[in-house]
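In order, the protein sequence lines correspond to chains W and A.
According to this note's numbering, the first sequence is numbered sequentially starting from 1.
According to this note's numbering, the second sequence is numbered sequentially starting from 1001.
The set of hints was computed from the structure by calculation and includes no laboratory data.
Ideal Cβ positions, reconstructed from N, Cα and C, are used throughout, including at glycine.
What you were told as hints is all true, and nothing was included just to trick you.
For lysine-lysine, the following DSS-like pairs were computed, each having C-alpha atoms within a straight-line distance of at most 27 Å:
#	chain 1	residue 1	chain 2	residue 2
1	W	Lys37	A	Lys1065
2	W	Lys141	A	Lys1063
3	A	Lys1024	A	Lys1063
4	W	Lys70	A	Lys1036
5	A	Lys1063	W	Lys69
6	W	Lys69	W	Lys37
The following label-pair restraints were derived from C-beta to C-beta distances:
#	chain 1	residue 1	chain 2	residue 2	range
7	A	Ala1071	W	Ala175	48 to 58 Å
8	W	Glu123	A	Glu1068	53 to 63 Å
9	A	Glu1059	W	Lys100	30 to 40 Å
10	A	Gly1055	W	Thr51	38 to 48 Å
11	A	Lys1065	W	Asp170	32 to 42 Å
12	A	Glu1068	W	Phe50	45 to 55 Å
If you want the building blocks of each chain, they are given just below.
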Amino acid sequence: MEKEKQTEEVGLPMLGGKAPDFEAVTTQGTLRLEDFKGMWIVLFSHPADFTPVCTTEFIAFAEIYKELKKRNVELLGLSVDSVSSHIAWVRNIEEKMGAKIPFPIIADLNKEVAKKFGMIHPEQSKTETVRCVFVIDPESKIRAMIYYPLTTGRNMKEILRLIDALQTTDKHKVATPANWSPGDPVVVPPPATVENAEERLKQGYECKDWYLCKKRL
Amino acid sequence: MEMPCVSSDGKPTSTGMRILRLLKSRALSPIELAAKSCQSLPRVRSGLRELKDAGFVEETEGKYKLSERGAALLK
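Just chain A, same shape as in the assembly (with noise of 0.2 Å):
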């Protein structure tokens, strides 16, 4: 099935990408990710989670930013 963030192929979804895209200037926390981008936490988390496990962002000491992988898509 397909994920929320990852699609099947495990490329970023638009959602995913619109996450990546918050964090292209600065690492963010799940709140402050959840805020701007309108989501609801539980869903911030889980997709993140997701990118995570795609490798797409990094988290340090519970924020997160883009990994090379993440942050080559964007170029």
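Excised from the complex, chain W in its bound form (with noise of 0.2 Å):
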């Protein structure tokens, strides 16, 4: 019976498939996953209001919004907590830390997104989320998701490379390799023939092997 439970809280959306859809109340009106369309959208839970790691998180989060903006993407916050905490939260934030907080923050109450999105894990937290990250492309498909314990904040800058990789892998038709920052070599997509292997050592790549090909754009 417990172990039912679990699996009904987790159910995990997976990578490429269409992020599920939500109606949801947050500290800028009801929105819709539909409201983001043509967007990249970085979809992040956090544990609770006023608690030490997630203040962290938020004023890091509030300092590459200008970054993420320029990239196409809109910030979308969640917690179980209500709106009313979520408004306190922020102006304290404004207050005490002077980070303004532009995003808009879904109050979950009911946990109907978290669930949707497999943010509550028992084995952390049976009434709160853990520290997730779903970046949604502009065709609203889950294209990266990363989950984070309640004691660890999250890496601004991996998600902003992140998001450069997952754009860059789009607009170029490439993928990026270990450590990949925007500028470095990218990876050519692997030969599909003997013959477009041997063609792709005389294409002036920079080749490893004929698997492992990198050029620069």
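Assembling the complex is the task here: the two chains are given apart, and the hints tell you how they should meet.
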């Protein structure tokens, strides 16, 4: 019985699949997934308002907000707290820490959105959402997911790097190697035939071997 | 709960009035309204939905214009 309950609460969405539809009350009004059509979304959950790690994360998310906007990305926060709690918390962050929170925060009191996105992991907390990040593309497909435990704040540089990598992949039909940053060489897709593999070696790519070739954009 | 563009008494809020004023001279798409109002596109789309449900704006082929009720408010 307990196991069945856990399965129901976790139910993870899949990479490449359509993001679960939602309509949610936020600090900026009622928002639906469809309101973000044509834009990338970074949907992230935090365990609770007025908690220390979450506060550092919110300040850090606010700091990358402009960089995200340049990339056509909207930020959308979520926790199971109420709108009133969210409002009080963002006011407190602004007053005490000087950071204005410019993005909406979902008040998911009934955990409806959290359950759809598998944000509640009972082994971590039965009542709070863990630190999830969902990158959703302009076609509403889930392109990346990051899950951090309650104790560990997320890395904003990695979130920006991930967005850059996904957008570079879409634009240039390439992959990105380990520790890639914008400006670094990208990985050319592997050849599909023996002939392509041989041709590839003559095309001026930086090749370690026929299956590992990089190029500069 | 009060909505950002339409208050609990059914009248446009200041945010809602700002959108209605932008629609006074011509119909605009949500993208055009977001650019003119310096608000995010999702927020504009949500606000337009509220204003439409309350009967202050009408939508035709992706553009929004004032309804008779919305125009009357700005007179």
